[in-house]
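Chains A and B are the protein sequences, given in the same order.
So the first sequence is numbered by my numbering: it starts at 1 and just counts up by one.
So the second sequence is numbered by my numbering: it starts at 1 and just counts up by one.
Any given hint could be a false lead.
Simulated restraints, written as ranges between beta carbons of each label pair [stated by the list, open to error]:
1) B:Arg17 / A:Ala68: 25 to 35 Å
2) A:Ala68 / B:Thr56: 51 to 61 Å
3) B:Arg29 / A:Ala44: 11 to 21 Å
Calculated from the structure, these hints are not laboratory results.
C-beta atoms are modelled at their ideal positions from N, C-alpha and C, and glycine is treated no differently.
Each chain, written out:
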Amino acid sequence: MTDEELVERYLEARDPADFRELVERNGPRVLRLVASILGPFRSADAEETTQDVFLRAHERLAQFRGEARFSTWLHRIAWSVAVNRTRLLSARREHVPLDAVYDLAGPADPRADAEASQRVVRLGEAVEALPDLYRTVVYLHYWQEASVAEIGALLGAPPNTVKSYLFRARERILRSLETKGAGR
Amino acid sequence: MSSEDPFPPLATLARPRLSPFFAGRVVARAVNPPVPCTRSRLMLLYWLVLACVAGTALAGTWAGVGALLLVAACSAFPGACARFVVAAAVGLSGRRAERHAPQRGCGASRWRASADSTREWRSGDAP
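Take the sequences, apply the hints, and build the full model.
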């Protein structure tokens, strides 16, 4: 049974098991997208934001007309909820706690030295300075290790567009890293 | 330097995972949403009108203005106000107790001794 059929059945019978099935099927993909929008330095909020996405989708389920695929519709909601959450978190905290990479990358990998951690911090700063869309694409590709086709499916964009986003994002990051490297 | 060089460290960062109870929690929240705390517009209107009427009535007299200032001071400094009220109540009860203390007969000397020790304690001369 497809997602669209499940939605239809849920709207008719209101059986919580059907909605649960939808959450179980789509949860990991939505989490991946939400986590990439929030970024690895705010990933503690990812599960709560994913929950908010499904609650918002549940509220608006009657508005789903089946013109697009359910996953596309859900990812659009996920984008809106997660971007709003990012802005809220950015407004509350002045900067992203990039030092968290020392806890994440350092102790887990004994070979990682201080210089490597510094490189991750510089890279994190450069990625965090990107616009929402480019930042999400970079995190999806390099952090979540999603393929171009998967990113296209999550963002509802053709693969060539995703490639061009990645190319431009990489250019900006490298330029930023070079500027910082020259400044040191 | 190739454009891929700086990115591999990102893959080493921890990735969030959904807890095993995630779907159950979402369904429970979706099916039984928490009842929002709603205030009826009528009650809001009632309080607004009451505040306006009371404010106008109180502002018409000096006693009313004094009462308003007192309330404002109490809201601004609740801690100091509470300490003042407690101290005043203790002082008042002490004075009243002394007034009603037995002057003669059995128990009078014991009462006086107790009142003296309380006075000493208040003035900081307690042993």
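- Task: Output the numbers, in ascending order, of every earlier hint that fails for this structure.
- Result: none
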